[in-house]
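Top to bottom, those sequences are chains V and A.
With the UniProt record's numbering applied, the first sequence covers 1 to 322.
With the UniProt record's numbering applied, the second sequence covers 1 to 322.
Hint data in this document are derived by calculation from the structure and do not stem from the laboratory.
Ideal Cβ placement from N, Cα and C applies to all residues, glycine included.
One should not assume that every hint holds.
With a straight-line cut-off of 16 angstroms between C-alpha atoms, the simulated EDC-like cross-links for lysine to aspartate or glutamate are [what the hints assert, rightly or not]:
#  : chain 1 : residue 1 : chain 2 : residue 2
1  : A       : Lys-39    : V       : Glu-80
2  : A       : Lys-68    : V       : Glu-62
3  : A       : Lys-241   : V       : Glu-80
4  : A       : Lys-264   : A       : Glu-250
5  : A       : Lys-153   : A       : Glu-180
6  : V       : Lys-264   : A       : Asp-16
7  : A       : Lys-123   : A       : Asp-192
8  : A       : Lys-44    : V       : Asp-51
9  : A       : Lys-264   : V       : Glu-62
10 : V       : Lys-39    : A       : Asp-55
Heads up, incomplete: computed chain A residues facing chain V, CB under 8 angstroms, no partners named [claimed, not checked]:
#  : residue
11 : Leu-17
12 : Gly-74
13 : Arg-81
14 : Val-85
15 : Val-136
16 : Arg-222
17 : Gln-252
18 : Val-281
19 : Tyr-282
There are 2 protein chains.
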Amino acid sequence: MSFQDSGGVVSDSLEDLTIDNITSHVIHMSTQIDDARVKHLTTKLIQYLHDYVRDVQLQTDEWEVAWKFLTQVGQTCTPERQEFVLLSDVLGVSALVDAINSKQTAAATESSVLGPFFNEASKVFENGQSITSNEVVGEPMLIRGRILNTAGKGIQDVLVDIWETDGNGFYDMQDPEYNEPDCRGKFVTDHDGRFFLKAVKPVDYPIPNDGPVGQILRLFNRDCRRPAHVHYMITHPEYEKLVTAVYLSESQFILEDPVFGTKKSLVVDCTWTEDEALAKVYQISPFERDIDNETRRGFWLLDRDFVIVQKTSQENRKTFDP
Amino acid sequence: MSFQDSGGVVSDSLEDLTIDNITSHVIHMSTQIDDARVKHLTTKLIQYLHDYVRDVQLQTDEWEVAWKFLTQVGQTCTPERQEFVLLSDVLGVSALVDAINSKQTAAATESSVLGPFFNEASKVFENGQSITSNEVVGEPMLIRGRILNTAGKGIQDVLVDIWETDGNGFYDMQDPEYNEPDCRGKFVTDHDGRFFLKAVKPVDYPIPNDGPVGQILRLFNRDCRRPAHVHYMITHPEYEKLVTAVYLSESQFILEDPVFGTKKSLVVDCTWTEDEALAKVYQISPFERDIDNETRRGFWLLDRDFVIVQKTSQENRKTFDP
Numbered sequence: 001m002s003f004q005d006s007g008g009v010v011s012d013s014l015e016d017l018t019i020d021n022i023t024s025h026v027i028h029m030s031t032q033i034d035d036a037r038v039k040h041l042t043t044k045l046i047q048y049l050h051d052y053v054r055d056v057q058l059q060t061d062e063w064e065v066a067w068k069f070l071t072q073v074g075q076t077c078t079p080e081r082q083e084f085v086l087l088s089d090v091l092g093v094s095a096l097v098d099a100i101n102s103k104q105t106a107a108a109t110e111s112s113v114l115g116p117f118f119n120e121a122s123k124v125f126e127n128g129q130s131i132t133s134n135e136v137v138g139e140p141m142l143i144r145g146r147i148l149n150t151a152g153k154g155i156q157d158v159l160v161d162i163w164e165t166d167g168n169g170f171y172d173m174q175d176p177e178y179n180e181p182d183c184r185g186k187f188v189t190d191h192d193g194r195f196f197l198k199a200v201k202p203v204d205y206p207i208p209n210d211g212p213v214g215q216i217l218r219l220f221n222r223d224c225r226r227p228a229h230v231h232y233m234i235t236h237p238e239y240e241k242l243v244t245a246v247y248l249s250e251s252q253f254i255l256e257d258p259v260f261g262t263k264k265s266l267v268v269d270c271t272w273t274e275d276e277a278l279a280k281v282y283q284i285s286p287f288e289r290d291i292d293n294e295t296r297r298g299f300w301l302l303d304r305d306f307v308i309v310q311k312t313s314q315e316n317r318k319t320f321d322p
Numbered sequence: 001m002s003f004q005d006s007g008g009v010v011s012d013s014l015e016d017l018t019i020d021n022i023t024s025h026v027i028h029m030s031t032q033i034d035d036a037r038v039k040h041l042t043t044k045l046i047q048y049l050h051d052y053v054r055d056v057q058l059q060t061d062e063w064e065v066a067w068k069f070l071t072q073v074g075q076t077c078t079p080e081r082q083e084f085v086l087l088s089d090v091l092g093v094s095a096l097v098d099a100i101n102s103k104q105t106a107a108a109t110e111s112s113v114l115g116p117f118f119n120e121a122s123k124v125f126e127n128g129q130s131i132t133s134n135e136v137v138g139e140p141m142l143i144r145g146r147i148l149n150t151a152g153k154g155i156q157d158v159l160v161d162i163w164e165t166d167g168n169g170f171y172d173m174q175d176p177e178y179n180e181p182d183c184r185g186k187f188v189t190d191h192d193g194r195f196f197l198k199a200v201k202p203v204d205y206p207i208p209n210d211g212p213v214g215q216i217l218r219l220f221n222r223d224c225r226r227p228a229h230v231h232y233m234i235t236h237p238e239y240e241k242l243v244t245a246v247y248l249s250e251s252q253f254i255l256e257d258p259v260f261g262t263k264k265s266l267v268v269d270c271t272w273t274e275d276e277a278l279a280k281v282y283q284i285s286p287f288e289r290d291i292d293n294e295t296r297r298g299f300w301l302l303d304r305d306f307v308i309v310q311k312t313s314q315e316n317r318k319t320f321d322p
């Protein structure tokens with residue numbers, strides 16, 4: 001037996017993988033799957049991923065930066081913070097997925113990105129109640145509106161889930177001492193499709209920028225501040241779910257939303273009102289504000305209706321869950 | 001003031017993002033970057049990512065599966081486990097990056113994937129020492145070889161970092177009670193380019209399959225077992241770093257390596273030897289083994305040389321680190 005011979009053994013049936021043949025091999029190995037949709041998604045994913053790596057001739061040190069970055073993103077996630085959704089948001093993927101999936105007709109309200117601060121733990125309130133606790137900082141605002149069908153008729157028993165920042169620009173979940181939902185709540189529309197609640201006026205705020213996503217926004221020289229807005233998730237068994245938000249027209253960040261959520265039709269005026277009768281009807285306490293060097297008493301009003309689309313009969317599309 | 005007017009305000013300068021125009025907008029927003037390489041990588045990344053989403057018409061529930069999966073991958077990572085590298089491995093991305101970056105000439109040894117079990121904490125040994133502690137299970141094996149230049153001349157002072165599984169198919173880092181490196185070590189070649197050490201014969205083993213990557217291998221109906229192999233990372237200031245591995249020809253998984261690392265030229269015979277003189281030279285203790293119903297005393301020998309490539313003068317490529 002010669003030791004010198006032992007290094008050159010070749011397995012004849014092993015075809016070496018090269019830059020050119022590896023993709024079809026990996027796809028072949030990975031798509032022995034019955035589900036046609038999963039097979040399609042997997043095939044295309046491997047193809048696009050490999051094409052990107054080949055196109056940019058990804059260097060080993062760049063590949064290391066990539067997996068270390070993705071690891072950081074994953075490790076920044078907590079039950080209260082979804083850094084991967086935020087990454088998807090700032091890369092415009094969430095807005096694109098939203099555009100692909102929105103089933104609105106021209107008559108319906110447009111959708112907007114869900115964002116990383118939706119929380120299923122939100123509580124149900126009676127119309128007229130306040131979604132803010134006593135500790136919350138902010139200027140009183142009345143939110144009201146109607147949920148309409150495409151014929152303009154109010155829809156009863158629609159669940160309207162609303163969430164927003166406080167007057168300092170923070171969501172409840174960003175409070176290090178967070179223990180229960182605040183500045184968020186679910187409302188059920190009355191016979192006329194109406195909902196109304198007390199809240200605070202939301203303000204422009206930075207998306208969480210102390211993690212890896214903040215790092216790339218700085219690398220990209222992009223501002224991390226979103227225009228002030230209120231989120232709405234609108235659901236009813238017979239209608240398409242609508243996830244949307246309305247953006248306050250006064251914000252200077254309307255044109256450069258870091259998560260690409262703003263749309264013309266979703267920009268609204270938040271108006272100042274001193275209507276005492278209205279305050280009485282909605283049992284809202286006016287507050288004092290300086291306008292042109294004069295102290296005035298009133299509150300903010302966000303009045304916006306939403307039009308949702310009835311489901312078609314074949315809505316039971318198979319969902320994908322590996 | 002009419003409340004009914006307040007919902008329809010339009011910001012004239014805001015152009016709505018659509019499925020067709022969003023990609024160029026996000027690229028424009030994200031590439032105000034001086035570094036041309038980072039700008040190129042970012043532009044192409046957004047383009048390929050959006051093209052994939054558009055091509056497969058990614059559904060909202062599928063997008064949710066994606067970010068939840070990536071979050072799991074990130075949260076499975078620990079200092080001892082790199083699930084993103086493993087994901088890159090099973091999707092063939094690591095092998096592709098390796099193929100793009102390997103600078104071998106025809107005369108040089110081919111590279112192979114780094115894998116998730118490389119550990120910088122590996123210790124330096126003297127030639128002839130054992131990289132396995134007394135507790136390690138496995139059949140004694142002598143590893144030896146020479147590091148040569150492309151002219152076939154041995155190179156002195158090359159650092160050869162070697163790591164492998166124990167005889168049960170586990171890396172040291174997979175032991176829940178892991179506290180220091182085992183079955184791995186660094187050696188420095190002598191004046192003739194030689195290195196030699198005592199180890200155990202590695203066996204086929206499953207890549208970690210209790211996490212999200214294991215989940216998708218099951219979804220893909222792919223086997224998670226790698227052919228038995230020994231890793232080598234070979235470095236010298238004047239030569240290109242070589243990350244490679246040799247795969248034992250006897251393994252039944254040579255043709256279906258889940259991380260696509262095997263190459264014809266890296267398949268080797270691990271030979272059984274009963275040469276007592278050799279055992280004495282290398283101070284290795286033979287063990288008893290049944291061969292054809294006869295008890296024989298000997299040990300395994302893995303004898304493999306490596307050829308590395310001298311660096312060219314302009315090797316100070318700028319590294320990418322955001």
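To see whether the hints hold, each was checked on the structure:
Only pairs whose Cα atoms come within 16 angstroms are accepted, and Lys-39(A) paired with Glu-80(V) is rejected, the gap being roughly 32 angstroms. Note on Lys-68(A) and Glu-62(V): the hinted pairing is violated, with a Cα-Cα distance of about 24 angstroms set against a maximum of 16 angstroms. Of the pairs offered as hints, the one joining Lys-241(A) and Glu-80(V) is violated, with about 43 angstroms between alpha carbons and a cut-off of 16 angstroms exceeded. In summary, the hint linking Lys-264(A) to Glu-250(A) is supported, as the alpha carbons are separated by about 13 angstroms, within the 16 angstroms threshold.
As the CA atoms of Lys-153(A) and Glu-180(A) are separated by approximately 36 angstroms, the hinted pair breaks the 16 angstroms bound. At roughly 6 angstroms between alpha-carbon atoms, Lys-264(V) and Asp-16(A) fall within 16 angstroms of each other, so this suggested pair holds. Straight-line distance between C-alpha atoms of Lys-123(A) and Asp-192(A) comes to about 22 angstroms, which puts the hinted pair past the 16 angstroms bound. Between Lys-44(A) and Asp-51(V) the alpha-carbon distance is near 10 angstroms, which keeps this suggested pair within the 16 angstroms criterion.
For a cut-off of 16 angstroms, the pair hint linking Lys-264(A) to Glu-62(V) is broken: about 28 angstroms separates their Cα positions. Between Lys-39(V) and Asp-55(A) the alpha-carbon distance is near 14 angstroms, which keeps this suggested pair within the 16 angstroms criterion. Look at Leu-17(A): its Cβ gets to within about 6 angstroms of chain V, closer than 8 angstroms, so that hint holds up. The beta carbon of Gly-74(A) is positioned within 8 angstroms of a beta carbon in chain V (closest approach about 1 angstroms), and the interface hint is therefore held.
A cut of 8 angstroms between beta carbons decides the hint on Arg-81(A): the least distance to chain V is about 10 angstroms, and the hint is violated. Contact between Val-85(A) and chain V, as hinted, is supported at the beta carbon level, the nearest pair being about 6 angstroms apart and thus within 8 angstroms. Because the beta carbon of Val-136(A) sits about 24 angstroms from the nearest beta carbon in chain V, more than 8 angstroms, this interface hint is broken. Among the interface hints, the one on Arg-222(A) holds; its C-beta lies about 6 angstroms from the nearest C-beta in chain V, closer than the 8 angstroms criterion.
Proximity of Gln-252(A) to chain V is violated relative to the hint, the smallest CB-CB distance being about 11 angstroms (cut-off 8 angstroms). Given the 8 angstroms rule on beta carbons, the hint for Val-281(A) is violated: about 12 angstroms separates it from the nearest Cβ of chain V. Proximity of Tyr-282(A) to chain V is violated relative to the hint, the smallest CB-CB distance being about 12 angstroms (cut-off 8 angstroms).
In terms of the numbered hints stated before, the structure departs from hints 1, 2, 3, 5, 7, 9, 13, 15, 17, 18, 19, listed from lowest to highest.
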